[in-house]
Structures are given as structure tokens and as C-alpha cells.
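Residues per chain are reported as follows:
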Amino acid sequence: VNTLELRDRLASRARREGLASVAYQTVDSPLGPLWVAVGPRGVVAIHYGAEPSEAEIERVLRVYGPGIIPDRRGAAQAARELDEYFHGRRRTFDVQPDLAGLGEFTSRVLHATARVGYGQVTTYREVARRAGNERAARAAGGALRSNPVPIIVPCHRVLATGGTLGGYGGGIRAKEFLLSLEGRDSTVTDRARRTVPDRAR
Amino acid sequence: VEVGAGEGPPVRPDRGARTFGELIERYDREILAYALRLTGRRADAEDLFQETFLAAFRAWPPPRRGNERAWLYRIATNKAVDGERRRRPAVSIDDLAPAAPERDGVTMLDLAAAVRVLPAGQRAAFVLHAVNGHPYTEVAQVLGCTEEAARARVSEAMKKVRRALQ
Chain A
1 VNTLELRDRL ASRARREGLA SVAYQTVDSP LGPLWVAVGP RGVVAIHYGA
51 EPSEAEIERV LRVYGPGIIP DRRGAAQAAR ELDEYFHGRR RTFDVQPDLA
101 GLGEFTSRVL HATARVGYGQ VTTYREVARR AGNERAARAA GGALRSNPVP
151 IIVPCHRVLA TGGTLGGYGG GIRAKEFLLS LEGRDSTVTD RARRTVPDRA
201 R
Chain B
202 VEVGAGEGPP VRPDRGARTF GELIERYDRE ILAYALRLTG RRADAEDLFQ
252 ETFLAAFRAW PPPRRGNERA WLYRIATNKA VDGERRRRPA VSIDDLAPAA
302 PERDGVTMLD LAAAVRVLPA GQRAAFVLHA VNGHPYTEVA QVLGCTEEAA
352 RARVSEAMKK VRRALQ
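Going down the list, the sequences are from chains A and B. Going by this note's numbering, the first residue of the first sequence is number 1, and it counts up by one from there. Going by this note's numbering, the first residue of the second sequence is number 202, and it counts up by one from there.
If you're looking for bench data, these hints aren't it; they were derived computationally from the structure. Glycine included, C-beta positions come from ideal geometry on N, C-alpha and C. Among these hints, one or two may not hold up.
Covered stretches of chain A (in silico footprint by chain B; criterion: 3 or more residues with CB under 8 Å from a CB of chain B, positions within the stretch not fixed) [stated by the list, open to error]: (1) 3-9; (2) 62-69; (3) 95-104.
Bound-form chain A, shown alone (with noise of 0.2 Å):
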């Protein structure tokens, strides 16, 4: 017995009722599977892990309600370009990040952070200082690991201003990857591996 089939059908009859807003799906990469919701206004939520967090949850809840369904279909768009990307056949994506429900400074900064491109690096200070508040580096570091979005919103492309990795909400291993992924390794890494610890492990 299919159930995907059956999961899909249920997602699309429960969509065109108006009952089911946020379609979800596991995604498989090379850093494990992703959890990744897409709702009426985009991208709401990837998680790195099978299952999203209980913030994730309770944060598209707030916004879209209980009306989050497992749905192939629907959140096709958003798998396939992440796929792309992580085969470095894709380097800006076309779904959008949906930001709703996060709070005003992290938003800022999650927006600043949408516009640093593929392959370039920048720092908490400087993204906190384009979100308005240039002494908010440590804030905007908590605002990036609370990042609903990641790799759509390329926090791992901001570093701690001395240049080592800082943190990242899917572990410092990820970081890495998706950094070198993007042609950054050496350096950057190399001087992180020294400076930082790894805690994702």
C-alpha cells in the first residue's frame, strides 16, 4: 500500500477545500534529511533533521494554523531547487523565504543576510549594522541560529568578525560544507577548525 500516494491525494482535495496551507516534505542531501514546509507566501520552515523542531512547529502554527500536511507536490519547487544547489547547478533560488511570525530585529537580519550572495562571506556586525544596529553582533548571531530558512537565507555565509566560522543552527559541520560547497574552503575553514570547537558533535 502506497501511502504517499494516498498522503498526496488527502494534500491536494484538503488544499482546494481551503483547509491545508503549508505542504511539507523530507528532502534528502548531503547533510542528512531536511525537513522543508512551503506555505502561500514561500518557504516557511527547513529543518535540518527529519522532523522540524517544536519552535519550528509552533512558529508556523502561529502563523498559518493547523493546516500543515505532508504534500509532495506542494513542496516540490522548494526540493528541487535545493537538490540544484546542492549539485552546484543552482546559485540564487526562486522560492521565496517567507519570514512570517519572527520578530522585527530578526527579521532585519534575516533580510540583510537574503542579499549576501553564493560564494561571499560576511560578518555578524555587518549584518547586524545593516539591520540597524551595529552594535547588535552578538544579537544578530542569536537572530541567524534562529534562522527558520537556512540555505535559502545563507546564514552560513556570515562569520564571526575575526574571520573564524561562529555558529550555525544546523551544526558547525554544515557550515562548512555549505561553504566549500560555494568554493570558500580552505582559509576560512582551516583557521575555524583551530578556533572553534566543535560542539555539533
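Position chain B against the provided structure of chain A, taking the given hints into account.
Using the frame of chain A, we list chain B on its own:
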């Protein structure tokens, strides 16, 4: 604090489903299996499956948190009874293959007889108790009757099934 890649949330089986997705992920297989046993036909079971979950979404939230399972069974049972009022199903043994019972002592023939001879309400009682192994308290909950009435319904159903097989 770093969050490790692939680290899932704590499992909380006691907590009710908060989203439709959680409801589907927890119960879709079980409800499909139940629908197959109730209807005896693949296409009808899939329809019943869809109707059950859509009705649950429309009626959301569940009447009691943490009791979504019995709620879904109840919706499925009511839908099956309603559907039955509109048409009597024609069932062949082949149709029942995907609904093969899991419990000792209940054969596919029993199930075929149940689907053929029992009205939907009694069939639900038979499937829930004799095939799926739900205790009478749960059967009562699903059927919306007392435990005593559930026992009576199951026993009546068993009698009819045995008679049909003689």
C-alpha cells in the same frame, strides 16, 4: 548552544496531534487498514480513507486532546455506515486480500463473511474487536455506545459470521 544536525524533537506519544500532518503521520496506515477491512474493496477503502481525514480536518480540533485515534476510528465508522446506507457492496474474496486479518483465529473467510452478511455497524464492531483486537472499551468509544452494547454487537456479529460460514 549548537543544535546538532539530524537531532529530532523529543518524542511525545502522550501529546495530542497539533497539526493535520501529525495526525496523518501517526494514523494513516492504521486507518487505511481499518477502511480496507470495513469495505473489503481497495477503491472504496481509499475513498473512505480520504473522507475520514477530510472530515477530521473540517471538524478540527478533536473533541479531546490526546484521543485523536478513537476520534478517527469513529469518523471512519460513521462514514462507512453512511456509505452503506447508500449502496450494498459487492465483494469478492480477491478484494479482501489486502485486508487480510492479523489475528489468529480470524480467517479471511470470516472477514469475507463479515463484509457480506453484516450491516456496517456490526461489521465495524466485528473488525475492531475480532480482527484488530481492540478491547471492548475502545470498541464502545468508537461506536459511541456503552461497553455492554459493544459486547452485544460483537457477539451478534460473530454469530452471524459463523452462520454464514456453515
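Review point. Can you name, in rising order, the numbers of the hints this structure does not satisfy?
Key: 3
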